[in-house]
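So the sequence shown is numbered by the working numbering: it starts at 238 and just counts up by one.
Wrong hints could be hidden among the right ones.
[Claimed, not checked] Cβ-Cβ distance ranges computed for the label pairs, FRET-style:
no.: 1; residue 1: Thr303; residue 2: Ala274; range: 26 to 32 Å
no.: 2; residue 1: Gln240; residue 2: Ser304; range: 33 to 39 Å
no.: 3; residue 1: Ala320; residue 2: Cys281; range: 31 to 37 Å
no.: 4; residue 1: Ala238; residue 2: Ser280; range: 27 to 33 Å
no.: 5; residue 1: Ser280; residue 2: Ala320; range: 21 to 27 Å
no.: 6; residue 1: Ile278; residue 2: Arg321; range: 18 to 24 Å
no.: 7; residue 1: Asp272; residue 2: Ser302; range: 18 to 24 Å
no.: 8; residue 1: Gln240; residue 2: Ala320; range: 18 to 24 Å
Just so you know, the hints here were simulated from the structure itself, not pulled from any lab data.
Built from N, CA and C at the ideal position, the CB exists for glycine as well.
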Amino acid sequence: AAQGCAYTHEKGILQGDMGCRNLLLGKNYNVKFCDFAGSSIDSCRPLCGPGSEFQRPTEDMGSISTSDELFALGSTIYEIWTARKPYQDDFG
238 AAQGCAYTHE KGILQGDMGC RNLLLGKNYN VKFCDFAGSS IDSCRPLCGP
288 GSEFQRPTED MGSISTSDEL FALGSTIYEI WTARKPYQDD FG
């Protein structure tokens, strides 16, 4: 997942909604990203926002940054290791 995150960042893409629900486990346990609906390409604002349980709180919830994405990656790794979501929103 970290390698995929680095690869998309090198291409100017922030996935925008990283979490276990948007990772697919492929052949030989390769992780693949899916659901790029909330992505930001070349610093453009995304059209929709992420779920709150993997995102750090920010003043501007309409934009995402590399540090937001890395926080979400850490939250995802936490869920993989513990089988628990790091945060719960009002619906979870």
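*asked:* The hint says 27 to 33 Å between Ala238 and Ser280; measuring C-beta to C-beta, is that right?
replied: Check failed, 23 Å falls outside 27 to 33 Å.
_Is 21 to 27 Å respected by the C-beta to C-beta distance linking Ser280 and Ala320?_
Between Ser280 and Ala320, where Cβ atoms are some 35 Å apart, the hint is violated.
*For Gln240 and Ser304, compare the CB-CB distance with the range 33 to 39 Å and indicate the outcome.*
The hint (33 to 39 Å, Cβ to Cβ) is violated, given that Gln240 and Ser304 are roughly 18 Å apart.
*Honestly, do Gln240 and Ala320 meet the 18 to 24 Å range at C-beta?*
The hint (18 to 24 Å, Cβ to Cβ) holds, given that Gln240 and Ala320 are roughly 23 Å apart.
*asked:* I want to verify a distance hint. Is the separation of the beta carbons of Asp272 and Ser302 within 18 to 24 Å?
replied: Check passed, 19 Å falls within 18 to 24 Å.
*Is it true that the C-beta distance of Thr303 to Ala274 lies inside 26 to 32 Å, as the hint says?*
For Thr303 and Ala274 the Cβ distance comes to about 19 Å; the hint is violated.
*So the hint says 18 to 24 Å: do the beta-carbon atoms of Ile278 and Arg321 match that?*
The hinted range 18 to 24 Å is violated for Ile278 and Arg321, with Cβ atoms some 32 Å apart.
*If you check the beta carbons of Ala320 and Cys281, does the distance land in 31 to 37 Å?*
holds, 35 Å
Of the numbered hints listed earlier, those contradicted by the structure are 1, 2, 4, 5 and 6.
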